[in-house]
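Chemist: Residues per chain are reported as follows:
Number of protein chains: 2
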Amino acid sequence: MYSKSLEKKLKALGIGVGDQIRLEASGSFYDGRLMPRGDDSDNLVIKLENGYNIGINATNAKISLIKKREEKKETVKQKEEANGEITILGCGGTISSKVEYLTGAVYPALDPAELKKAFPEMEKIASVKARSLFSLLSEDVNSTHWKMIAEEIIKEIKTGAKGIVLMHGTDTMHYTSAAISFMIQNPKVPIIFVGAQRSADRPSSENEMNLLNAVYAAKSDLAEVGICMHATTNDDYCFIHRGTRVRKMHSSTRDAFKSINTKPLMAVDYRAKRIEKLNDYAIRGKTNEMKVDLKINSNVAMIYLHPNIKPKLIKSLDDYDGVVLVGTGLGNAPTNPFGDRDASPILKEIHGLTSSGISVVMSSQTIYGRLNMHVYTAGRLLMDAGVIGDGMDWTPETAYVKLCHALGRTKDLKKVRELMETNMVGEISERSVLKYWEGR
Amino acid sequence: MYSKSLEKKLKALGIGVGDQIRLEASGSFYDGRLMPRGDDSDNLVIKLENGYNIGINATNAKISLIKKREEKKETVKQKEEANGEITILGCGGTISSKVEYLTGAVYPALDPAELKKAFPEMEKIASVKARSLFSLLSEDVNSTHWKMIAEEIIKEIKTGAKGIVLMHGTDTMHYTSAAISFMIQNPKVPIIFVGAQRSADRPSSENEMNLLNAVYAAKSDLAEVGICMHATTNDDYCFIHRGTRVRKMHSSTRDAFKSINTKPLMAVDYRAKRIEKLNDYAIRGKTNEMKVDLKINSNVAMIYLHPNIKPKLIKSLDDYDGVVLVGTGLGNAPTNPFGDRDASPILKEIHGLTSSGISVVMSSQTIYGRLNMHVYTAGRLLMDAGVIGDGMDWTPETAYVKLCHALGRTKDLKKVRELMETNMVGEISERSVLKYWEGR
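Protein chains in written order, with the working numbering: chain S, 1 to 440; chain P, 1 to 440.
For the record, the hints were derived by calculation from the structure and aren't laboratory data.
Glycine residues also receive a C-beta, built at the ideal position from the N, C-alpha and C atoms.
Be aware that a few hints might be false.
[Said to hold, decoys possible] Only pairs whose alpha carbons sit at most 30 angstroms apart, straight line, appear in this in silico DSSO-like list of lysine-lysine:
1. P/Lys263 <-> S/Lys9
2. P/Lys310 <-> S/Lys258
3. S/Lys310 <-> P/Lys415
4. P/Lys310 <-> P/Lys124
5. S/Lys348 <-> S/Lys291
6. P/Lys263 <-> P/Lys162
7. S/Lys415 <-> S/Lys291
8. S/Lys415 <-> P/Lys312
9. S/Lys315 <-> P/Lys147
10. P/Lys295 <-> P/Lys219
11. S/Lys348 <-> P/Lys263
12. P/Lys286 <-> S/Lys312
13. S/Lys188 <-> S/Lys415
14. S/Lys348 <-> P/Lys310
15. P/Lys315 <-> P/Lys415
[Unchecked claim] With the C-beta cut set under 10 angstroms, the calculated list includes, among others, these residues of chain P facing chain S:
16. Ala126
17. Ser127
18. Asn142
19. Thr170
20. Pro311
21. Gly327
22. Asp393
23. Glu397
24. Val401
Please construct the entire structure, taking both the sequences and the accompanying hints into account.
Modeler: Right, here's the structure in full:
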């Protein structure tokens with residue numbers, strides 16, 4: 001993985017991935033665990049005690065072994081408990097990253113036995129079974145994984161799980177939670193995604209509180225897909241956000257996930273055995289029949305509209321089935337960059353897409369607020385060109401996932417529009433026509 | 001503008017654009033002002049009293065004239081006052097949109113005389129001169145306009161203006177304020193952008209308070225580029241946000257503009273004659289020499305990274321000089337969509353761009369928080385591939401504008417990186433190395 005000469009040097013020193021080593025160069029030294037690396041490089045990567053990785057050119061550095069990594073105890077076989085009332089499914093992410101550091105593996109891995117050992121309080125909350133579906137950092141999760149997750153959830157529900165918890169990386173957790181919301185409608189039990197912003201080997205890790213609150217929420221009366229994460233920067237309680245109405249809004253704080261244009265569904269505190277209902281949600285035992293549709297069309301692009309954007313970028317999207325525009329303000333696009341609105345090249349290309357049967361959907365860079373494409377000429381022209389989205393208050397990410405879902409069901413432009421404009425699972429806050437015109 | 005048959009019908013009724021008309025169809029009727037339209041359509045567009053436009057199919061509607069539009073009084077000549085201490089430059093946008101409704105014109109237009117008449121209190125705050133640069137809704141403003149604006153600001157400063165106020169649409173005001181921040185460094189006087197979320201003909205319009213506070217701030221000791229907008233949803237005071245650290249975060253509320261990863265520079269209340277300093281800023285009379293560089297390279301793309309994004313989309317960017325990636329979390333991209341990190345097609349294409357001399361810069365979809373590309377493998381691989389951005393806490397928009405600016409000065413990859421990583425005008429919150437490793 002490292003350059004040949006470096007691999008040789010390491011071998012001679014008896015050093016392998018996962019070992020504790022010291023690097024000395026130009027008078028400084030760094031102690032840390034040797035990490036693996038994906039390319040042919042002379043830069044050694046070590047994980048410092050504080051959890052960060054650093055890369056240091058090893059050509060002139062002195063390398064010494066501090067301590068061989070502990071051989072992993074024989075892995076407890078991933079046998080499932082037959083009668084767990086809550087099923088935990090592992091999808092990787094920082095929340096499962098403790099194992100990564102112990103083994104030196106690049107990918108996080110969830111070992112159910114280890115999970116229970118690490119969080120002994122869990123068994124007091126519920127009888128739990130756990131297994132790993134895959135181990136990816138969430139930037140690598142895509143619609144193939146959405147399907148895998150959905151299939152496994154359904155399997156678990158069919159075999160009697162009273163609630164599902166999914167351990168998932170945070171970067172794209174809100175895309176996945178939205179996807180599962182559309183794929184499994186009217187779920188009979190809570191489906192709770194949970195992640196962590198800091199890995200378990202760091203003192204500030206919040207994974208225990210998030211995970212235990214997720215298990216607690218999975219026992220609740222919620223019959224929806226939610227995301228369980230820290231409500232504040234204190235270790236006090238968590239919010240359950242609706243799976244289609246939530247977004248990672250900070251790169252590092254523990255309370256990074258925010259409900260957008262709506263309130264969280266509930267506040268959860270397993271220590272106080274307290275659940276506070278904050279919003280309307282579907283109630284366990286009172287839902288319509290579960291509706292499963294796993295078809296996803298991943299041939300969808302998402303394009304950020306910005307000053308100077310070139311018409312040819314829009315034109316180049318002609319082999320997609322759908323395009324989500326991340327526009328400005330109430331749902332605008334640069335329709336008049338050269339002073340002649342009737343000859344707007346951007347508008348022409350957008351119209352070109354819709355004319356050739358591609359569904360084009362609007363969302364806003366503002367993240368918060370509702371689209372209203374009637375107010376300004378740009379929005380009106382975009383609607384005339386067939387762009388879908390007026391009146392919606394979805395996030396760009398939920399619009400994206402919903403379009404993948406709708407295009408999995410049909411490519412008919414009119415039907416896609418109908419599906420997109422229908423509030424399927426609470427992803428749109430409805431507003432009466434009267435309010436719609438006068439509400440602001 | 002409308003279809004031929006519809007134009008004929010309107011002509012026969014003696015109805016023209018700007019007239020007050022009634023449309024009756026299926027038992028309902030709508031009164032409003034006839035708006036112009038850019039395409040050949042049978043849908044009449046009228047502006048309702050509440051400020052919204054609606055489009056109604058006129059084929060079977062009864063159309064009647066309520067009142068001809070008032071002929072515009074002779075336009076007061078746009079002569080400038082010679083000795084205004086504050087210069088207001090109009091760039092269009094909702095804040096100038098009153099004129100649009102009166103004339104029926106598609107574009108907002110600023111008439112200095114009308115401005116003063118509309119806001120008589122303004123003269124009590126400062127001696128003001130005003131002129132219009134152009135009249136665009138801000139989704140149509142691009143780097144050509146950034147240059148025009150910068151040139152006019154410099155002209156005004158050279159001829160003695162003590163402060164500049166720019167009336168601008170809100171959708172992309174933060175792109176323009178960032179651009180002016182980089183183009184005119186160490187400005188001697190305040191350069192204050194101001195907009196409005198609701199047009200002047202609506203009771204909830206906030207344009208008066210915003211504009212008067214902007215004029216008040218333009219007299220202050222600030223020697224930076226700022227944006228002046230409502231601080232809260234009440235009509236109480238405004239914030240001045242640093243031009244590079246601000247973003248429109250809501251599609252419709254009056255307090256839509258938020259400082260990102262920093263505090264606003266000041267709170268301003270012209271009625272109470274109060275300015276409260278909230279952050280460090282450059283002080284009038286104590287700045288280094290003004291540095292002007294108007295070169296902007298607009299051949300820059302901004303790409304939202306999302307699950308299922310296709311490598312070929314990245315590949316297709318090979319004729320740009322720069323690319324801003326809007327990545328996930330701490331600065332990640334899908335580097336491993338097919339289970340084989342070493343063969344990651346997305347990473348390969350990003351590396352392809354940097355290898356061919358294109359500057360690739362990272363930013364985050366989270367909007368808030370700092371990039372840290374050392375923590376996870378994806379970030380590390382992206383840095384190895386030459387992606388710039390580790391440690392930065394810029395918004396995607398500021399990263400975009402800064403890259404346009406840097407590429408205007410040089411295309412040398414190393415020099416672009418140096419420029420990007422240098423805090424030029426307060427667009428990056430600096431953090432000591434110690435803090436950088438331990439701060440979270």
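Chemist: Now, for every hint given, state plainly whether the structure supports it.
Modeler: Status of the hints after comparison with the structure:
no., hint, verdict
1, P/Lys263 <-> S/Lys9, "50 angstroms, violated"
2, P/Lys310 <-> S/Lys258, "28 angstroms, holds"
3, S/Lys310 <-> P/Lys415, "26 angstroms, holds"
4, P/Lys310 <-> P/Lys124, "58 angstroms, violated"
5, S/Lys348 <-> S/Lys291, "39 angstroms, violated"
6, P/Lys263 <-> P/Lys162, "25 angstroms, holds"
7, S/Lys415 <-> S/Lys291, "19 angstroms, holds"
8, S/Lys415 <-> P/Lys312, "29 angstroms, holds"
9, S/Lys315 <-> P/Lys147, "27 angstroms, holds"
10, P/Lys295 <-> P/Lys219, "29 angstroms, holds"
11, S/Lys348 <-> P/Lys263, "41 angstroms, violated"
12, P/Lys286 <-> S/Lys312, "46 angstroms, violated"
13, S/Lys188 <-> S/Lys415, "28 angstroms, holds"
14, S/Lys348 <-> P/Lys310, "24 angstroms, holds"
15, P/Lys315 <-> P/Lys415, "24 angstroms, holds"
16, Ala126, "30 angstroms, violated"
17, Ser127, "33 angstroms, violated"
18, Asn142, "4 angstroms, holds"
19, Thr170, "7 angstroms, holds"
20, Pro311, "13 angstroms, violated"
21, Gly327, "8 angstroms, holds"
22, Asp393, "9 angstroms, holds"
23, Glu397, "7 angstroms, holds"
24, Val401, "8 angstroms, holds"
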